[in-house]
Amino acid sequence: MNKNLRITNNKFIDQTSRISFKFDGKTLYGFKGDTLASALLANNIHLVGRSFKYHRPRGIMACGSEEPNAIVQVGNDASMTEPNTRATEIELYEGLEASSQNCWPSVNFDIGAINNFFSPLIPAAFYYKTFMWPANFWKLYEYFIRKSAGLGKSPTKPDKDIYDHRYLHCDVLIVGGGISGIIAAKTAAKNNLNTVLIDDKNILGGTTLFQENECFKINNSYSNEWLKKEIETLNSLKNLTIKTRTSVAAYHSYNYILARENLTDHLDLNEKKDKIRQRLWKIRAKKVIIATGAIERPLIFNNNDRPGIILSSSIKKYIDYYGVKCGQKISLFTNNDSAYETAISLSNSGVSVNSVVDIRDKTNSLIVKQAEKLGIKIHWKSTVVNTNGYKRINSIEIMKLSDDSSAVVGKKIKEECDCLGMSGGWTPRVHLFTQSGGKLKFREEDNVFLPDKSNLEQISIGSCNGDFELYEVIKNSASSTNKFLNVKNIDYENLEIISSKEMDKKNIWLLPSDKPLGKTKPFLDFQNDSTANDVKLALREGFKSIEHVKRYTTTGMATDQGKLSNMHALGIISETAGVKMGELGTTTFRPPYTPLTFGTIVGRNVGEFFDIIRKTPIHDWHLENKAEFENVGQWKRAWYYPKENESMYDAVQRESKAARDSAGILDASTLGKIDIQGTDASEFLNRVYTNAWSKLEIGKCRYGLMLNEDGMVYDDGVTARLSENHYIMTTTTGGAANVMTKLEDYLQTEWPELDVYLTSVTDHYATISVCGPNSKKIVSKVIPDLDLSDSNFPHMSFKNAKIDKIKCRVMRISFTGEHSYEINIQSSYGKSVWEKCFEAGKEFNITPYGTEAMHLLRAEKGFIIAGQDTDGTITPVDLQMNWIISKKKYDFIGKRSLYRSDTIREDRKQLVGILTEDPKEVLEEGAQIVADTNKKPIEMLGHITSSYFSPNLKKSIALAVVKNGKKLKGKKMFVPMENKTINITITDTIFLDKENKRLNA
Amino acid sequence: MFLINCPYCGERDQSEFSAGGEAHIVRPKQPTELSDDQWAEFLFMRKNIKGIQFERWNHAHGCRKWFNIVRDTRNDKIHAVYKMGEKPPIK
Amino acid sequence: MLNYKSSINETKKYSEINMSEFEPVVKINLRGKKRDFITKIGKSLSIIIPTEPNTSSSNENLNILWLSPDEWMLYTNEKVHKLENNYNLEEKLFSEISKVNLGSVTNVSDHWSIINIRGKNTYELLSSGCPFNFNKFKNTKGAVTQTILNHVDVIIHNKDINEINLFVRRSFSKHLWSWMNDSARFL
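Protein chains in written order, with my numbering: chain A, 1 to 1001; chain B, 10001 to 10091; chain C, 20001 to 20187.
Don't read these hints as lab results, they were simulated from the structure.
Please note that the accuracy of each hint is not assured.
What the hints assert, rightly or not - Here chain A is said to cover these stretches of chain B; the calculated rule only asks that three of the stretch's residues, wherever they fall, bring their Cβ under 8 Å from a Cβ of chain A:
1. 10001-10011
2. 10038-10044
3. 10059-10073
4. 10077-10086
Built from N, CA and C at the ideal position, the CB exists for glycine as well.
Isolated chain A, as found in the complex:
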């Protein structure tokens, strides 16, 4: 550490606790409370990165989130490294490793810097213009451009850090813990409002915290001393929650605010472990007070980007707060009074101030007078026309401004310096206000955009609302807060405030130089390397909209989102184009205000919490029996049960065969189940299904097809009539929630007159399906009291029964075409009943089968799966299921759509069966079907929707939708694949047991 650059009497940095860190591989030292930026400056390191396009050496320019240049890569672990972080926002911790970005091989010797010498050849939109042709070369161009451009390195392994989310509801949220925010917070909390105050720094106080100047006093104390006492009183307020190291990322409508809290980033490496690194607060505030302050503007002059050129207020913070001198011989360049505060602070700390270059003619405010009293030299009506020094500024060139300020006159003065502070005035931070939908107004007097109209319960106070003088800030913040919260806090009335008032204002967006514009480099956007010349070029080339100029020149599009550059770009555009700034408007400020890590956005929704997982009551059995699982909606369903070394194909073949040869058992608990009660239950079913329900006998089941109002198949399932006015409906696994919502919708909105109540009971029941020729023997062992004879218990009926003392419902329905039973029992007993069935079935080689075998088995029977064989464009007529459409019913959902001109077309795609010429050839689902491969372009007639090798038929079978398919039975067609063409024949959809003999076998 360079001792000369630290002043020792500093109050904010603990100079007894030394911290070691690494920058670009070199071990350096700083103190607890430093940022990486302040520690680097204390080590006399200004050069920290290279610019994006020209690879110019760049240094620290600011002290907060607006920093455009000092962006670094933190950490070098493949899973923990983080690119594009601002050195000005990284709190120093033991073990910190950071490195420069965008330079190779090193920040000191960067090969890309050759671009700087060619910079006249790389104007705005150079890449767009040059690499347009020929179009197919882009692949090549992109590779090289990406190699030489780009910012930091992305981590290559999953992030090991932990992030989470929290919701927070409050009466008043105050964003910004500077003097205004503190006044507002105290006012709100004292009046019993549940208040939250957040600030992105590690302590409250903003810039007033270190404002110790004769020109700013409150009740005879320095403003910082007064504020310190205010902060102390905050800590005793009950209703107030203070969150530091928390920055608002987004401000959405309805006062919904996302804020990122840094919990461990400032901790030593060994203290971070197993703690939440960052927390995203999702805040709902009844009222929001924005007190985000202002950003100091740079000045736009030739070579204004060299390391050592720093915003004047940042130099002040480095000396007054961090105790770090940014240089030994500092010059200042300004168009307003604030640089004089910096000059006084530096002078009081023993740093020699060369001079202040001020573009104004002369001004006599309190603070300027004080500076003059300290003997600080001032160049009035002057500008800096050039700076020198490649990796660190070493001198500036000063000239007088002409009377109209459009040019420079007289002799050039060269002044040696190792640091230049610049101040171009202040830009209120209105980003959050505009994010929330607020409209801005323009104040001509000092060229600022200010909050105007908003639809939300919010106000802006302090300098983000255009109050820059201490006196105004206190008075207006207090009165606006009182009015907004409808309270009366008199703490801030009758204060005796001394506050230097700025008396003269002058602004020149692009300062004149002794060289012509084409020969200078006045940077606007430091990170993206766009200059004032680029913006002017864009205007000459015909761009008018600021949004277009922004994209064309990339001004304001870097990771800092133009926090420093936007105003000047607007100023130069308005000047050049002759449009008033207020009419020009601004570009849109979009969230996040500062970049967020993906981890913060995702929170704990990673790994097992990435998506919701639903499990059946029998899930553990499937696990114990080595099932592979398939995601169906949010459910984990047993897919197949491979035996040792068995492939999926072999397992599915074995399971499918066993189910038909003897017995299979399937966990069908995921099917949606809806309990329907009410005197109009039958009428309701008549209206929602295509077939008729009134005559269904109690104790019987019926298959139903549900359409959308557009006539397309939506869902299907079996419904059982439990009593006169009581049914239980089953839906598909994936459709359950949507069907329930849809049915409720009709009941509540279209048919409120119907006396029908729906209750979801999906999770109440475990559903165990036992199928196959031996299923009857197995079920009779499990439920010996139940008469399973075909006469008592025929296909499509159900029986209530008990297993031990627990009620169950046994349904004789079949999705495989086999004789089968579905046992529905309360979920808590599901696994036990399953095991009982399995035990009882052992002598019959009962085989658990998964969803894949189930799909295969039903395809053999030509049963559809809604959502696989249908896709929202298929009517029941297309499925050749005319038998299920009641002719007698006057109306049902989707009925009218079945005879629209489009749905009655003969040549719609219709469901057919497909057999391959080679019975071993299994088609790919989704493969296209064609009739003529010679005619180009080949007409695609349809596609395969389901395809399997059937172990029971010993051949390949498939279902498909084919144009006019109904009439094409027996016709030979083709499925062209990448390397071959497969010959197929269109057939009937039912491949096995057309006579339904097996159902009663």
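Guided by the hints, dock chains B and C onto chain A, whose structure is given.
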């Protein structure tokens, strides 16, 4: 993210709700009497207004009731919330 | 005999928070619009059906939670026998309500799992995944809300100061339980 004042449960976060499109489109009582064009008008034609819009919403993760809202699509402000079957309180 | 198996079957303790499954209890979903429905249930169970949104009423044995203007959840304070499910309450209500067309009575005992959460950090845990504003709710004994917790539908019943019964559909319960355990360790 809106805050929606469910007419039954009170003010809740938007994530508890699902949107159901344009409000006040009544399913024809006698669909069979309608021409293809008339049926298509009911089935497909929806307004997409920049300004005041009447919408159906469902408190899907709460009381599961459907209701209507009046929303200004320019700023997402919800001007009124009312139950199914009720007349819109704003024109 | 059949074996009974609940979905969670665990008790966990973290800083200022205890979580355990409350089972097996009888849960019955009640739906009805008619005035007779409300009076009949009231008389039958000696409990007043809450018609005020987001509230409940309780007696020594039972709790009735308001779910919507025509829907309620009834659950018992007493646990039932694991191997001899008690159907008395369901059958009684079914014959007094559903059979006479006053409304619907549906057994949902295993449709929902109940997780009992107690301790000062109860609402801190909820705020990790629930957009609902608990500021008023947490001080209102008997308050009920249906909302989402970590994207899963839940019903929350305020049993006492810093004690809630959280209803979650059985198939989601293991996942939510595991998420709750993950979140609770950071409290």
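Structure-based check of all given hints:
1. 10001-10011: n = 3 at 8 Å, threshold three: holds.
2. 10038-10044: This one holds; 3 residues, not fewer than the three required, reach chain A with a Cβ under 8 Å.
3. 10059-10073: With 4 residues closer than 8 Å to chain A, the segment 10059-10073 of chain B meets the three-residue bar; holds.
4. 10077-10086: Answer holds; 3 residues pass the 8 Å Cβ test.
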